[in-house]
Amino acid sequence: MILIRFCFVVLSISVIFFQGNSQTAATKPSLKVSGQVAKLLTLTAEDLSKMKHVTAILKDRGGKNVNYSGVPLQDILGLAGVSTGGQLRGENLSKYLLVKCADGYEVLFSLAEVDSSFTDRVIILADSTEGSPLPSDRGPFRLIVPGEKKPARSSYQVLEFVIRFAADK
Amino acid sequence: MTKLFLTILLMGIFLISINALLGSKVSPLYEIKYPAYFGDRIFIPADNTTTEAGVKLGRMLFYETALSAGNTISCGTCHKQELAFTDGKKMSTGIDGSLQSRNTMSLANLLWVSNFFWDGRAAGLEEQAKTPLTSPHEMGQSLAISVAKLKKIENYPLLFKEAFASDSISEQMIVKALAQFERTLVSADSRYDQYLRGEYKPTKSELNGISLFYTSPDPLKNIRGADCAHCHGGPKTYTELFQNNGLDSLPSDRGRELVTGLDIDRGRFRVAGLRNIAATAPYMHDGRFETLEEVVDHYNEHVVSNILTSPFLRDRSNTLNGKSLDLPKDEKKDILAFLNMLTDSAFISDRNFSNPFSK
Numbered sequence: 001m002i003l004i005r006f007c008f009v010v011l012s013i014s015v016i017f018f019q020g021n022s023q024t025a026a027t028k029p030s031l032k033v034s035g036q037v038a039k040l041l042t043l044t045a046e047d048l049s050k051m052k053h054v055t056a057i058l059k060d061r062g063g064k065n066v067n068y069s070g071v072p073l074q075d076i077l078g079l080a081g082v083s084t085g086g087q088l089r090g091e092n093l094s095k096y097l098l099v100k101c102a103d104g105y106e107v108l109f110s111l112a113e114v115d116s117s118f119t120d121r122v123i124i125l126a127d128s129t130e131g132s133p134l135p136s137d138r139g140p141f142r143l144i145v146p147g148e149k150k151p152a153r154s155s156y157q158v159l160e161f162v163i164r165f166a167a168d169k
Numbered sequence: 001m002t003k004l005f006l007t008i009l010l011m012g013i014f015l016i017s018i019n020a021l022l023g024s025k026v027s028p029l030y031e032i033k034y035p036a037y038f039g040d041r042i043f044i045p046a047d048n049t050t051t052e053a054g055v056k057l058g059r060m061l062f063y064e065t066a067l068s069a070g071n072t073i074s075c076g077t078c079h080k081q082e083l084a085f086t087d088g089k090k091m092s093t094g095i096d097g098s099l100q101s102r103n104t105m106s107l108a109n110l111l112w113v114s115n116f117f118w119d120g121r122a123a124g125l126e127e128q129a130k131t132p133l134t135s136p137h138e139m140g141q142s143l144a145i146s147v148a149k150l151k152k153i154e155n156y157p158l159l160f161k162e163a164f165a166s167d168s169i170s171e172q173m174i175v176k177a178l179a180q181f182e183r184t185l186v187s188a189d190s191r192y193d194q195y196l197r198g199e200y201k202p203t204k205s206e207l208n209g210i211s212l213f214y215t216s217p218d219p220l221k222n223i224r225g226a227d228c229a230h231c232h233g234g235p236k237t238y239t240e241l242f243q244n245n246g247l248d249s250l251p252s253d254r255g256r257e258l259v260t261g262l263d264i265d266r267g268r269f270r271v272a273g274l275r276n277i278a279a280t281a282p283y284m285h286d287g288r289f290e291t292l293e294e295v296v297d298h299y300n301e302h303v304v305s306n307i308l309t310s311p312f313l314r315d316r317s318n319t320l321n322g323k324s325l326d327l328p329k330d331e332k333k334d335i336l337a338f339l340n341m342l343t344d345s346a347f348i349s350d351r352n353f354s355n356p357f358s359k
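Which chain is which? The protein sequence lines are A and B, in order.
Residue 127 in this note's numbering sits at position 127 of the first sequence, and the numbers go up by one each step.
Residue 50 in this note's numbering sits at position 50 of the second sequence, and the numbers go up by one each step.
It should be emphasised that the hints constitute simulated quantities derived from the structure, not laboratory data.
Among the clues, some could well be false.
[As the list claims (entries may be wrong)] Below, computed lysine-lysine pairings styled on PhoX-like, alpha-carbon distance capped at 25 Å:
hint, chain 1, residue 1, chain 2, residue 2
1, B, K151, B, K56
2, B, K323, B, K221
3, A, K52, A, K28
4, B, K221, B, K201
5, A, K32, A, K52
6, A, K150, A, K100
7, B, K56, B, K152
8, B, K161, B, K130
9, B, K323, A, K59
10, B, K201, B, K329
11, A, K50, A, K32
12, B, K323, A, K150
13, A, K150, B, K221
14, A, K95, A, K39
15, A, K149, A, K59
16, B, K130, B, K56
17, A, K59, B, K221
18, A, K64, B, K221
19, B, K221, A, K149
20, B, K333, B, K201
21, A, K64, B, K152
[Said to hold, decoys possible] Cβ-to-Cβ under 10 Å is the rule here; a few derived chain B residues that face chain A:
hint, residue
22, K89
23, M91
24, L241
25, L258
26, T260
27, G261
28, D265
Heads up, the beta-carbon is just placed ideally off N, CA and C, and yes, glycines get one too.
One chain only, chain A, in its complex shape (with noise of 0.2 Å):
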């Protein structure tokens, strides 16, 4: 019994200490890649205007083309020791992302639908268009998905990657 007990407030003191770090992280808005991951991520705006970026383009709701900049999202997946290329076989094709805004917004994508020896698609995490910040509605992040009929998966405000195991109960 005290055995439990003790779990219990090491479990506890455990939590605490992991949401207090979540909190402070979030004050200003920065990118976060948990789940099956080999490494935690957070990164800060500045980080990410420090990594390779390219273009993506994207229709907006008129229909005209829009240009974005910003990092492809399999870099950042990479950065945090995600499977990708050769080892997205075997059981990690069961793994997908799932990406979460700031207003509880969420949208899924499988790993191997984002990888490049999968797709020649390359998906981004924006942080700029035509040259310019994001809008702060839309930004500072926004996930670009090329190619789709509907821009439901090019989400506004991502806050965080999480990667998991879709594992049926």
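Given the coordinates of chain A, assemble chain B onto it according to the supplied hints.
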């Protein structure tokens, strides 16, 4: 560090499941029934499965005035069943006579909610319950005093024993039982549900209301809509999102920002579920609108359009290059007809949810 944490976490989960197993032996599990179209994205913590005895106890505690300082109010004072667990007031009055800072929320279909309150600050019903119980402006009594009082009231020691297989009463058990009861508050028998089940034929106005509610307007293609479902989406009329729906240009209540510290969250509040909405006036986090007509007028004509307002409420219009929804009177009436379909009189009069102390 992570390894140690994981080990402890696993041990914790293991112990919790053992507890749960022991618990379920004592009282049969309570089956919460809901339609398949609500989906299974429900939230029940592993250490608080819903049992018959737990729900029975939780219902009594929900209406128990001994949980307040001075024994005068209970959860049921502000959350009245006949008003879908609201009280019709702009701001409810607490034990110390002071007004709450936000409008009392309806309690229905909480099983699908994971972050409670208008700003989502409480993760889980168990944690949520501690606020009204102990806040000096609500029921104003520490959990320790509540435990001591309940121990002395006839029946409670036995009811707690049946619910938690324990000879004593703890603070945690009080909030767990309350949470179990609240999870059973499922509202799924409105005229809209009867329509979804194929048992009710909506009027023309109701049908058009449903269509407007779910459709995004596109004047170029002559598609009419109000796009309410973008936020209040699906048959539950609820998605767990935090949005700024354009009430004020300078929000006096920072809402979600108070929880996250992010200025992009200023004036964002949790999207409200619209079940039983005709019974839960006044509306919005500050109860500013007295009628649903005013709410629909807000969305149709008065949305404040600035950088804080959800992009999904800006520049959506039924007229080309229009700046507001621009729905005429009869279409506004159709939306109201749909909102009125969401009243569930079976829920509001369900004997399983009523005050067990009043005959």
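Check the hint pairing K32 of chain A with K52 of chain A against an upper bound of 25 Å on the C-alpha distance. Distance of about 18 Å is within 25 Å: holds.
K149 of chain A and K59 of chain A: Cα distance at most 25 Å? holds (10 Å)
When you check the alpha-carbon spacing of K64 of chain A and K152 of chain B, does it fall within 25 Å? violated (71 Å)
Run the distance test for K201 of chain B versus K329 of chain B: straight-line Cα separation, threshold 25 Å. The hint holds at about 23 Å.
Taking only the CA atoms, is the gap from K333 of chain B to K201 of chain B under or equal to 25 Å? With Cα atoms ~18 Å apart, K333 of chain B and K201 of chain B stay inside 25 Å; holds.
When the least beta-carbon distance from G261 of chain B to chain A is tested against 10 Å, hint result: holds (4 Å)
Would you check the hint for K59 of chain A and K221 of chain B, treating anything up to 25 Å between C-alpha atoms as holding? holds (18 Å)
Does the structure keep K52 of chain A and K28 of chain A at a Cα separation of 25 Å or less? Satisfied, since the Cα-Cα distance of roughly 22 Å is no more than 25 Å.
Does K100 of chain A lie within 25 Å of K150 of chain A when you go C-alpha to C-alpha? holds (18 Å)
Hinted pair K323 of chain B and K150 of chain A, Cα distance within 25 Å: Holds, at roughly 23 Å.
Tell me if the interface restraint on K89 of chain B is satisfied: Cβ within less than 10 Å of some Cβ in chain A. violated (28 Å)
Restraint check for K151 of chain B with K56 of chain B, where alpha carbons must lie at most 25 Å apart: Measuring from Cα to Cα gives roughly 17 Å; hence the hint holds.
Violated hints for the displayed structure, listed by number in ascending order: 4, 21, 22, 23, 25.
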